[in-house]
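Trainee: Construct the entire structure; sequences and hints are all you get.
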Amino acid sequence: MSGATTPLPAPPAPPRGRSSAAGRVLPPALLVAALIGLWELYARVGSVDDFILPAPSEIADALWRDRGLLWDNLLVTAQEVGLGVLVALVLGFGLAAALHFSGTLRRGTYPLLVASQAVPIVIVAPLLVVWFGFGIVPKLAIIALVCFFPVVVTTLDALDGADPDQLKLLRTLDASRWQAFRYAEAPAALPAALSGAKIAVAVAVIGAVFAEYAGSSEGLGHLMLQAIPQLETPRAYAAVVLLAAFAVALFSALGLAERRLVPWANRRQEGPNRP
Amino acid sequence: METRLEAPAQEPRNVEGPAGEIHLAGVSRAFARRDGSPVPAVAGVDLDVAAGETVAVVGPSGCGKTTLLELVCGLQAPDSGTVRAAPAVLMPQRDLLLPWLTAIDNAALALRIGGASRAQARERAHPLFAQFGLEGFERARPHELSGGMRQRVAFLRTLLSGKPVLCLDEPFGALDALTRREMQEWLAGALAREPRTVLLVTHDVEEAVLLADRIVVLSPRPGRVVAELAVNLPRPRAATDPTLVALRERALEALRT
Numbered sequence: 244m245s246g247a248t249t250p251l252p253a254p255p256a257p258p259r260g261r262s263s264a265a266g267r268v269l270p271p272a273l274l275v276a277a278l279i280g281l282w283e284l285y286a287r288v289g290s291v292d293d294f295i296l297p298a299p300s301e302i303a304d305a306l307w308r309d310r311g312l313l314w315d316n317l318l319v320t321a322q323e324v325g326l327g328v329l330v331a332l333v334l335g336f337g338l339a340a341a342l343h344f345s346g347t348l349r350r351g352t353y354p355l356l357v358a359s360q361a362v363p364i365v366i367v368a369p370l371l372v373v374w375f376g377f378g379i380v381p382k383l384a385i386i387a388l389v390c391f392f393p394v395v396v397t398t399l400d401a402l403d404g405a406d407p408d409q410l411k412l413l414r415t416l417d418a419s420r421w422q423a424f425r426y427a428e429a430p431a432a433l434p435a436a437l438s439g440a441k442i443a444v445a446v447a448v449i450g451a452v453f454a455e456y457a458g459s460s461e462g463l464g465h466l467m468l469q470a471i472p473q474l475e476t477p478r479a480y481a482a483v484v485l486l487a488a489f490a491v492a493l494f495s496a497l498g499l500a501e502r503r504l505v506p507w508a509n510r511r512q513e514g515p516n517r518p
Numbered sequence: 069m070e071t072r073l074e075a076p077a078q079e080p081r082n083v084e085g086p087a088g089e090i091h092l093a094g095v096s097r098a099f100a101r102r103d104g105s106p107v108p109a110v111a112g113v114d115l116d117v118a119a120g121e122t123v124a125v126v127g128p129s130g131c132g133k134t135t136l137l138e139l140v141c142g143l144q145a146p147d148s149g150t151v152r153a154a155p156a157v158l159m160p161q162r163d164l165l166l167p168w169l170t171a172i173d174n175a176a177l178a179l180r181i182g183g184a185s186r187a188q189a190r191e192r193a194h195p196l197f198a199q200f201g202l203e204g205f206e207r208a209r210p211h212e213l214s215g216g217m218r219q220r221v222a223f224l225r226t227l228l229s230g231k232p233v234l235c236l237d238e239p240f241g242a243l244d245a246l247t248r249r250e251m252q253e254w255l256a257g258a259l260a261r262e263p264r265t266v267l268l269v270t271h272d273v274e275e276a277v278l279l280a281d282r283i284v285v286l287s288p289r290p291g292r293v294v295a296e297l298a299v300n301l302p303r304p305r306a307a308t309d310p311t312l313v314a315l316r317e318r319a320l321e322a323l324r325t
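In order, the protein sequence lines correspond to chains S and B.
In case it helps, our numbering puts the first sequence at residues 244 to 518.
In case it helps, our numbering puts the second sequence at residues 69 to 325.
Read the hints as simulated data drawn from the structure, not as lab findings.
Cβ atoms here follow ideal geometry from the backbone N, Cα and C, with glycine treated the same way.
There may be inaccurate statements among the hints.
To be verified - Residues from chain B shown here face chain S by an in silico Cβ test under 8 Å; the list is partial: (1) LEU158; (2) ARG162; (3) PRO167; (4) TRP168; (5) LEU177; (6) ALA178; (7) ILE181; (8) HIS211.
Mentor: In structure tokens form, the structure reads like this:
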């Protein structure tokens, strides 16, 4: 009762290849290596022209040769994506909370939010450029437009899904509507909100490329747009590689944030399989 | 302070009235089926609980026991009849501890809601942890605690709400038999130290006989009071006491009829 814990016998050894670092890194590394190998083979032997599909070796070459150019433009795009995601998260969480609290607001605006996702960026981009010019603001608007939606949907569903018994209990403890949100609904929704954020970062990069296509003088999207007519396809692909790596980095950063912010959820997921 | 409910569910929570008492008179409550036809949960229930009394409500499943507690807690309003009850707090079968809070923050939740700072709330909850056999587990997360310990923390949360009436809804129903017995003894001790008016809903007749001053037996749905048994036994009680065993048999008999 006082929790005197007797030492348990050592747990059985974890299943082979599961928890060791090599076991986790090796399979995806092999898969990527195999895909790159096949691609190289296809680009060299196949009938597709170099300027349509460059070989991985050419892309690697471009990555190194144009490293200064690529780096400068990556910084521009990274800044747009970072800030754009931030805007989308603030907007997404705020909207989800507002729609959760107000049924009227939800009935009025939810269909509009869904409709906003059907609007092709190419249609609104010129308007945004007219309103906000060629600076960073229209880029943020486009990125936010592309990626706020998954944040709203996942967060709102999770807020609505809070345990009704929990809310009853809080009512008998005299919690206000706001306190019920603060103590029960918001923390319960956090894991889902972070999942929404992960989806958002994955699409934010595409949003940034769209935004730069619509009108810009720098950034990796702009670089691609210029490289393709100049038949510098390897450079365009090098930009894609960087964009993909950046998306993976952002996604992983959110995964780390999730572990810190929702330790209880991680623990439950890992549960009995924890080594 | 008193809750008086004839209609809207959350209306007056602060009408002056008898401290710690519960009075139900002719209380009925029905729910609508999906097709709109009403399902009566409780029908014409009269129940008076004196301040400091422990009353156990036993009955077959689906006899509206939980509805009764929610009426007393002001979570529902009766369709007819009157509910007059001092401020009541609910302790459900599931502990419903918040997984993102430590044990002590869960126990002190009502204090935080009442406006205390986190430090103040912890300071007030801390001495109870030692008293109630939870010392050293203040900072543990709910998933690190056993079922019995989680229920203790849930009970502390209920106590710390400062309300005179505790509504316990099958508080140990989810525990294994051994832990349940241990927790029943623990609860008897806890109530001896911190007397409150208790309305205990259970389907375990033995639990009722061990803990209550009086047992109220409800009929199958819709729930009506069909029998009342006084348990005039000294505490602490032993489940093997022949008087207690006889009472248990009488309660079971009343349940069957």
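Trainee: Of all the hints numbered above, which does this structure not satisfy? Sort the numbers upward.
Mentor: Of the numbered hints given earlier, the structure breaks none, since each of them holds.
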